[in-house]
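Please work from the sequences and hints to get the whole structure.
Residue numbers (my numbering), protein chains in the order written: chain A, 1 to 527; chain B, 1 to 374; chain C, 1 to 358.
Read the hints as simulated data drawn from the structure, not as lab findings. Note that the coordinates shown come from a computational prediction; the quantities given were computed from them, not determined experimentally. Careful: at least some of the hints might be erroneous.
[Stated by the list, open to error] Distance ranges between label pairs, derived from CB positions:
# : chain 1 : residue 1 : chain 2 : residue 2 : range
1 : A       : R360      : B       : G243      : 30 to 36 Å
2 : B       : A206      : A       : N111      : 27 to 33 Å
3 : C       : K183      : B       : I323      : 31 to 37 Å
C-beta: ideal position from N, C-alpha, C; glycine also.
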Amino acid sequence: MSNQAPLLEMKNIKKSFFGNQVLEDINLTLGEGEVLGLVGENGAGKSTLMKLLFGMTEIRDTGGYEGDVLINGEKVSFNSPFDALAAGIGMVHQEFSLIPGFTATENILLNREPQRKSVASEIFGDRLDTLDRKEMDRRAEDAIEKMGVHIEGDMVISDMPVGHKQFTEIARELSKEQLRLLILDEPTAVLTEREAQALLDSIRGMSKRGIAVIFITHRLQEILDVCDKIVVMRDGVLIKDVPAAETSIPEITRWMVGRNVSGAGNAHREPPETPTVMSIRRLWVDMPGETVRDVNLEVRQGEILGIGGLAGQGKLGIPNGIMGLYPAGGTVTLDGQEIPLNNPRKCLDCQLAFVSEHRRGVGLLMDESLEWNVAFPAMQVHDRFLKPLLGGLIKWRDEKAIREVTDRYIEELQIKCTSTKQKAKELSGGNQQKVCLAKAFALEPKFLFVSEPTRGIDVGAKALVMEALEKLNRESGITIVMISSELEELRQICDRIAIVSGGRIAGILPATEPSEAFGELMVSSVV
Amino acid sequence: MNENKPSASKRALNFLGNNAVPIMFIIIIAICIPIAGFSPTFLLNEIVTRLSRNAFLILSLLIPIMAGMGLNFGMTLGAMAAEIALILTSDWQIWGIPGIVLAMIMSIPISALLGLICGRILNAAKGREMITSYIISFFMNGVYQLVVLYMMGSIIPIVHTNIKLPRGYGVRASVDLTRIRKCLDNVWSINIAGVKVPLLTLLIIALMCLVIVWFRRTKLGQDMRAVGQDMDVARAAGIDVEGTRIISIVISTVLAGIGMVIYLQNMGDMATYSSHSQIGMFCIAALLVGGASVDRASIGNVFLGVILFHTMFILAPSAGAVIAGNEVIGEYFRVFVSYGVITVALVMYETKKRRAKAGMGAQLAAAQQEGDKR
Amino acid sequence: MSEYINESNRTLLDRVKGKLKEFGLPRLIITAFLLLMFIIAPFTGANFWTQITNVINRFSWNAVLVLAMVPMVHSGCGLNFGLPVGIIAGLLGATLSIEWGFTGPMSFVMAILIATPFALVFGLAYGWLLNKIKGGEMMIATYVGFSVVSFFCMMWLVLPYKKPDMAWGFEGTGLRTTFPIDKYYGGVLANFLRIQIGRLVIPTGALLFFALLALAMWAFLHTKTGTAMTAVGSNATFARAAGINVDRIRMLSVVMSTWLAAVGILVYEQGFGFVQLYNAPFYMALPAVSAILIGGASANKASITNVIIGTILFQGMVTMTPTVMNGLINLDISEVLRVIVSNGMILYALTRKSEAVR
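Right, dumping it as structure tokens:
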């Protein structure tokens with residue numbers, strides 16, 4: 001083993017998904033016991049880079065990557081996470097990978113339990129070895145000690161507070177003797193302040209033992225506290241690689257969100273000083289992964305309001321909660337009239353409409369025709385596209401009207417399809433998104449929520465979608481609230497932008513403010 | 001926040017809720033015993049007989065539950081394998097203990113093969129294991145009939161005319177097992193206060209319980225529990241999820257086959273085309289009556305279940321005769337109860353699954369209120 | 001020009017392949033098998049027209065029961081293994097109509113009328129339960145069906161039926177397991193406008209009755225509520241986001257399915273000529289389930305065409321195989337074959353991944 005070569009070296013890493021460049025020319029080195037803080041907005045490429053390093057199969061399934069990954073100066077190519085584990089790389093994911101009914105000890109040693117031979121196992125094979133419980137306890141205890149944060153080995157996972165689950169996962173990685181590099185993907189997101197502090201101590205301890213750590217988080221102070229060096233990524237490019245001692249939070253934020261186009265924003269018009277059309281008071285929403293806590297917000301008549309923020313901070317919870325798709329509480333009024341929550345129908349009756357971020361799951365009837373997708377909500381809510389028969393006793397579907405309205409939107413939004421009868425699942429992502437818009441437009445709303453309208457669609461479709469939204473707002477005066485994780489997109493089209501952090505509104509600024517101002521709000525109270 | 005422990009009354013309510021089925025049964029039995037008017041000795045005798053007859057079969061259900069595959073309606077497959085084995089040993093005129101042992105041994109490869117097929121199909125229908133295994137039992141029943149009714153005697157040699165149908169092939173609707181009847185039960189049978197106790201059979205059952213206890217401590221057992229609770233996590237940890245699931249079904253089917261031989265030697269008579277079809281339903285109902293659920297079952301549930309369920313079974317016809325003046329009504333009643341118990345258990349399982357998902361919203365609202373107070 | 005032809009050729013071939021794939025291998029085998037039967041049948045001495053008559057007859061008995069599958073499949077409740085719930089409602093209608101002295105065609109009308117409130121009540125309760133356990137419908141439906149049937153096994157004994165045609169005469173307790181209904185509504189639909197050409201007999205009335213119900217179902221699926229039902233089955237979250245009360249739509253579908261099952265069993269009885277009680281309804285769901293699957297339906301898509309094709313194929317298989325097999329090799333394995341094919345078809349549908357997620 002050459003002591004000269006760094007533990008990990010990544011050279012000229014490139015990766016693209018379906019022609020979409022997500023990593024460009026990444027170079028990175030990490031020495032033994034070094035702690036590296038990796039920061040960047042969602043979609044900056046951090047997760048892809050880590051998945052690539054950890055040998056996740058989805059990287060290989062989507063065409064592999066270019067460039068080299070070297071461990072101790074030797075080129076490696078992992079086919080699965082198991083190869084990465086064998087090479088001494090461990091990863092703690094954001095989603096818990098624990099068996100709920102097992103104890104911490106059982107989870108720490110999952111599928112690596114020390115075993116004892118017995119007569120039966122001599123005959124029927126290793127899987128009938130009995131588990132060596134004493135040895136299991138000992139090894140788990142060792143790993144917990146190594147971590148430096150105490151958790152009960154015999155406590156069942158489902159009875160644990162969230163923080164302990166996180167620590168169990170870390171202990172699992174530490175119990176692997178070959179571990180030399182540990183990737184922690186937003187580990188503090190679920191921890192209380194004290195627990196987070198304990199984790200930071202634990203990271204320092206690991207570092208002393210020679211284990212290198214890659215630490216991904218949005219809490220910048222933590223990064224400054226514990227890391228040796230900081231790497232900032234943006235749009236798939238490695239922007240900065242600096243020693244932690246030489247930088248500060250404002251500087252990092254600037255690198256994270258900064259674009260070359262400085263303060264372009266939406267210069268078309270002044271934010272309208274119109275009266276409030278929707279007022280949201282003390283809203284909470286129980287949307288898993290996007291919890292909203294105590295949100296207060298005023299939306300003005302005829303504006304386009306952007307809601308931005310990092311993933312998991314609750315920006316998606318706001319429209320989903322108001323539209324009744326997830327349990328919510330608080331008061332929402334539209335034109336001074338209270339909208340009952342947890343009842344999608346009532347919202348639609350008030351001429352609210354919602355384009356969900358979850359196209360396949362909520363937005364579309366994948367197995368049905370475009371006609372149905374476009375016309376269905378309007379038919380059910382406003383009784384449109386129906387012919388009354390027998391004096392209104394029977395409401396018969398008016399296929400002709402449905403086809404007409406679908407044809408109109410196909411033309412208006414330039415939806416590429418073979419006919420109005422084509423099934424929604426056969427369209428490309430961009431065109432599916434346009435169908436979702438058409439569906440909302442057909443409701444003829446006076447207030448529209450649009451959630452992540454450009455997620456996962458190509459540039460051309462993106463421009464079209466934005467244009468359509470802008471047109472709807474400018475020409476028909478419809479108030480739009482647009483939720484997006486892409487700040488630049490919001491700045492392009494919105495009048496004002498609210499930033500959500502930690503489930504609450506961190507601040508509302510005109511879109512003309514510089515990116516950095518929004519960046520600071522984003523990380524202000526991250527959970 | 002999590003400090004407040006549930007009060008005693010709440011815990012009692014929880015206990016009642018979790019054990020509603022066994023408690024209900026105890027009440028039914030308590031009402032029926034005086035009405036039916038059986039002597040305690042008779043009742044005890046019957047219970048011990050049925051315990052030794054059924055317990056092994058029910059034990060075979062435990063392992064798939066451990067592996068998260070729910071109630072294995074496919075245990076019928078093992079029963080079919082045992083019947084095929086017994087038809088053959090009867091035809092070869094191997095009786096007594098050797099006949100029983102041979103039948104058990106012969107049932108194993110057939111059960112294993114059927115279990116393998118069943119396991120593979122269930123892997124293709126994850127999340128719908130129960131309905132699928134239920135339909136598999138019907139499907140395999142067709143295959144079983146094809147083999148026994150048409151291939152035996154024509155392709156598979158069957159010699160004796162008391163087994164073969166007069167037309168020259170196929171097996172008669174009933175196979176006489178008098179010469180292996182209670183062979184196992186009568187070894188080391190002792191009489192305690194008028195109650196006949198088949199020690200060997202009970203010993204075999206006890207041994208099986210020990211094996212299951214031991215099995216839980218093995219690596220394979222641990223893997224099964226992991227797979228049963230979360231397939232994705234288990235897979236990420238490198239456990240062969242599909243293989244483990246198949247093994248659990250194979251073990252269950254093989255055990256069911258051996259259990260069926262024990263069952264039939266006690267009965268001493270085999271209804272070729274119907275013995276197996278009800279066995280799955282009664283075993284599952286018994287297990288559930290013992291307080292098991294779709295995702296949790298213990299050896300204790302097996303024994304409590306056998307005793308409660310079969311006591312009801314013994315009592316129902318006579319109680320029915322006294323109450324409604326008709327013995328048949330009691331028979332229908334016990335069938336109704338069996339189905340009813342399974343329905344209730346399935347409904348409880350599904351609602352529990354759904355309730356676990358809700359409840360977070362209340363916490364949020366509470367947190368907000370707490371924030372107000374501060 | 002040549003390029004154009006090439007292109008259209010390929011698409012044609014692709015289209016044929018696509019259609020075949022959509023049709024599914026099992027269905028293809030069953031269709032081919034049935035065609036083969038029809039071709040062989042005359043050589044085994046069976047009369048072609050008698051065979052056709054048999055198939056049409058069996059179709060007319062069973063089609064409504066298969067039609068009863070459609071609403072619940074559309075609303076995403078899956079295959080209605082709980083069909084016996086509706087069948088029991090139908091049996092209550094049948095027995096009460098006879099008990100109260102109705103005869104002839106009137107007894108059929110009254111049976112439907114009397115069965116309707118039962119079907120509504122049972123359907124509401126059954127639907128309420130299915131809404132509590134979304135995702136586990138099929139297994140629970142099966143056992144709800146069994147529980148109801150076994151409960152009514154007791155009821156048939158206990159309820160004070162007096163009519164000597166149905167009740168056990170001597171003790172006066174309980175109904176018989178099977179009794180003929182010639183005096184009542186046996187053949188009442190089949191004999192209406194019955195057409196006979198040589199050996200071919202067409203039970204016009206029964207076919208018309210089915211056509212009427214099928215038409216009503218088709219029409220319902222074209223109304224606002226019917227559209228909502230299809231959408232709920234296609235994507236319940238989408239429907240909820242569009243303001244649909246998913247639970248209510250599902251409830252409606254269960255009630256419709258239950259009512260159709262009640263009517264279906266009455267139609268079956270008028271063709272069969274007997275009323276069967278006690279254990280008979282236990283396994284009536286399985287043939288109907290596999291028939292609609294054979295007809296090309298999946299766990300959440302089904303059309304009237306699926307019902308018609310499926311019933312013809314399934315009943316064709318049931319009626320043709322015994323005669324042909326008997327004539328050919330003097331071996332009647334049709335019953336076994338039916339069990340294997342029908343359950344195999346259900347297994348096939350259950351293990352198809354594309355139909356899994358709901």
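Which numbered hints does this structure break?
Nothing - there is no hint that the structure violates, so all of them hold.
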